[in-house]
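Asks: Can you make the complete structure from the sequences, with help from the hints?
The sequence shown lines up with residues 8 to 115 when you count with my numbering.
Keep in mind the hints are simulated off the structure, nothing from the lab.
SDA-like mimics (lysine to any residue), calculated; alpha carbons at most 25 Å apart, straight line: (1) LYS52 with MET94; (2) LYS52 with ALA68; (3) LYS52 with SER73; (4) LYS36 with PHE72; (5) LYS36 with GLU76; (6) LYS52 with GLY107; (7) LYS52 with GLU101; (8) LYS36 with LEU95; (9) LYS52 with LEU105.
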Amino acid sequence: VEIIGQIQSDSELLNQLFALCRNVAESDKRRNGFLFLRELFEITKPLSMPHQMQFFRSLSAHGLFSILERAVEASDMSIVSASTDIMLCTLNHEASLLRGYLLEGSGR
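Replies: So, in structure tokens, the structure goes:
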């Protein structure tokens with residue numbers, strides 16, 4: 008719980024992680040960013056629902072769905088796999104976050 012709490016409250020770390028995930032020029036770093044993100048989601052699975060939801064909301068606020076949207080089209084299958092796992096985990100616990108992201112995009 009402490010590790011996830013520290014990560015979700017560290018905006019600089021999350022900004023750097025999401026910048027890695029957006030960086031298509033450096034495929035190894037991008038892949039590692041997504042694999043690390045997937046591991047974070049794996050760590051949250053045994054946590055209580057409120058802790059999971061807080062984690063999902065924190066990452067969503069930092070742009071989680073925008074990086075996942077681009078990742079499902081990646082040529083690197085490990086990135087596609089990791090992003091799909093992350094999206095499914097989020098949908099299983101907090102589908103309203105994705106719904107909000109989609110509605111926000113359709114209003115543009």
